[in-house]
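Given chain W, put chains L and Z in place with the hints provided.
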Amino acid sequence: MTSAVIIVLREVLEAVLIICMLLASSSALGLRFRWLPPALLAGLVGALAYALSLEQISMAFEGFGQEIVNAVLLLMITVLLLAHNILAMREFKAPEVSRLPMLSLAILSATIAMAIVREGSEIYLYVYSYGVVAGDMASVLSGAAIGTGIGFSLGTFIYYSLRTLSARHCLLFSSIMALIVGAGMSSQAALFLAQSDLLPSSEPLWDTSAWIAESSLTGELLQAVIGYESSPIATQLGMFVGALLLSLAAIGIGYFSVRASSEGPGAAGTTGGRGE
Amino acid sequence: MTISTHISSSIRLGARLLTGVVLYCMTMGAQAQTPVFEIEIREHLFYPSEFKIPAGQKVKLIIYNRDATPEEFESYELNREKVIVGNTQGIVFIGPLKPGEYPFFGEFNPKTAQGKVIVE
Amino acid sequence: MASIRLFLTLTLIAIIVMVSFLSSLRGYRESMLEADSLFDLQLLEHVKLLSLLNPELSSAGYARVVEELVLPQQTDLALTAEMRIAYQVFNSDGTLLMRSVLAPVAQISPFEVGYRDVNFNGYRWRVLVIRDPEQHHWLMAAQRYDLRYELAESVILEAVIPTLLSIPLAALLIWFTVGYGLRPIRVLAREVRSKEASDLSTVELEGIPKELTPLTQSTNDLLRRLQSSFAREKRFAGDAAHELRTPISTLKVQIHNLQAELADGGGNLEAAATAADLHQGIDTIGHLVEQILVLNRTAPDLYMVQFVPVDVFDLVRDVVSAEYEQILQRDQNFELDGGRAMVKGDATALRSLTVNVLTNASKYTSAGGSIRMLVESVGGRVQLQIEDSGPGIPEAYYERVFDRFYRLDGDRHSSGVSGSGLGLAIVKHIVEMHGAQIALSRSQRLGGLCVTITFNAFETGTDS
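Top to bottom, those sequences are chains W, L and Z.
Letter by letter, the first sequence follows residues 1 to 276 of this note's numbering.
Letter by letter, the second sequence follows residues 1 to 120 of this note's numbering.
Letter by letter, the third sequence follows residues 1 to 464 of this note's numbering.
These are calculated hints, taken from the structure and not from any lab test.
Treat the hints loosely; a few may be bogus.
[What the hints assert, rightly or not] Label-pair restraints from in silico Cβ distances:
id, chain 1, residue 1, chain 2, residue 2, range
1, Z, VAL203, W, LEU41, 42 to 52 Å
2, Z, PRO110, L, ARG66, 24 to 34 Å
3, W, SER166, Z, LEU182, 19 to 29 Å
4, Z, VAL66, W, ILE212, 43 to 53 Å
Virtual Cβ for every residue (Gly too), placed ideally from N, Cα, C.
Chain W with its partners taken away, still in its complex shape (with noise of 0.2 Å):
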């Protein structure tokens, strides 16, 4: 039961935070939680078929299908993370002057079906393998439901604990944690790609594991909030680092973008907005 918590609980965690710190910041930008289904849906329904076809994923690329899928996956969401970061900025500097509400729509509902995709696969693998398959109902379910519990009920903080700031210093804080949580996830997507050797592997930079094993459920919150890793290689920290720097850039964009485009009337933003 513990290891179908842990399972659980490691996947969902990721996919909470990443879903109620988005639903925060979208209730800063003044949009509804009517994109909300309709991107669950594709994340779930994208989540069952990269597990159903998992074979022939694991099989592509020479054998790393599976590394590449999740590294580009966990890279993309960083990469909407960052966008996100321009929008929430943007924002934060004018509220209501300048936004762009198709355009923030689309990169929410894109992020949140990723997420779900990359962590709802490996749930439905294991729950499906073990619970239906191997009949071990009771305990794969009563761990999955833990697991689930405890990731919804710290969305569930996470979500009040945003919306009880200020619309403006919630976007700041979100901004902030999606930075984090960005760069924690091309740290992991470094990870995948030197297991499958496509980037440079060195002996581990140091261990903490003795003082925060990734195996405790302290080490599997850190893990899903900072990207953890208590032995981790150079190449995730320089993606870690990277991560960081690019979406501090991405704030300073957002930040700055404002000033410019209440200045020129015709500027990026606008057009950016009429494009969707």
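Chains L and Z in isolation, oriented as in the chain W frame:
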């Protein structure tokens, strides 16, 4: 391109796998000699459940899943995770590593599917 | 926070889930560790028993294979039966002396004292190896990990599952409790919402929780202030109009006298014309004051009367006969169609409405034009329609003409007719007061304005 030669040669070898035996695989014509190790999953157990690899060197690990159910090869110490669908095999590069013991487990059956890599 | 109820329910459930699941998880882990040490102890006991045996090789040099003891009621003890222990006994030179039927012929563990985990027979086993201090035999006993795990887990799950199942129940209870706790707010909201626009009485609720008392107090304060300011406004306009009535009547009498004197004195035509103008001006003022009084009496937010059944057709006929002189003077064609049409309403107000629409139509229709009125009762509705052959009103002004003191084209209407600008505002007020609708359109038949007022019919029950 080295990857493809690794894979093709190891798949050929994999058909005649000797359980519990560590295989050093010399790839034909490749200048970088990445050692290849193979392990098997049967009945949610790893065979061999312990094997030794050289320190400070990248190693290619081929995991054959002989069960019908998928298994996720996972190790916090090695920083690796890979789902291996039932009746297929997966390749994972590990290392370079410092000498020591690096446990790994099947995430879907963590109580029984356990093993460790001994780096020396 | 879109909904207090949703917020409270979600966060409360989240807290419960968090606390109970984390403690379950912790309890589970502790229990598992406890179970592990119990099972290890069981292995130790087993090895101790083995040490009491003193197995020897059989004469043929074969190891003894010991069958499992099986209880007769195996079904009752399925789990215990499956927890059988595999064991091997080797002598000091590593020859197998004895093994259980579960254990393979091959040595299951290296000759190293202590607990360790090994794979054999397709399972993962927990093995305890001990060296017998007297015969120096190697004693090995092993238990299947998966069975240990299953047994321990089945016991612990019994404790965890009720917690899990109780969560949905708790969620349901929380949802209803929060809903119940928020009921005073809903009641208060309903109370405030259901108040009529005219009803400015304070909100009185039984047993208001103390959290809501400031809210009801300030709402009631607001209502009270509103009420008194409404009353003041009404009184002021009414009083002013009323006070003006007397001097205007006096003025009328005096101008009448003046005109009579001028006529008697004969001659001064200019003065007579000025007096006539003056007379007309005073008439207009008098009319305006009357209208203000009507408007005040009928403003829907202040009007509170008992409605009675009124036959609109009857009423229209009455009004027409009273106002017919004006129509005749302007040499206009008048036509009234329709029949009995009952509505529930205030007869005085409805009369004032009819007078206004009729005089309006007559006023803005040129001499020699036509006016047609129609009263009909159609399917639960009573329609009062008045059409004229006048210039009509451009569609863009349909809304604005109902505003108080609004006159098309400013003070000088193209028809050259003066008016108070209150007529249609009064009409609108009376229409609203009766819950009726008023619509302006272009008359298909006469080409001028067509005013259609639709009331709900009064069902007497005997109407066919």
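Hints versus structure:
Taken as a hint, the range 42 to 52 Å holds for the pair Z/VAL203 and W/LEU41, whose Cβ atoms sit roughly 45 Å apart. Taking the beta carbon of each, Z/PRO110 and L/ARG66 are about 26 Å apart, inside 24 to 34 Å as hinted. For the hinted restraint 19 to 29 Å between W/SER166 and Z/LEU182, the CB-CB distance of approximately 25 Å keeps it satisfied. A hinted range of 43 to 53 Å holds for the C-beta pair Z/VAL66 and W/ILE212, which are about 49 Å apart.
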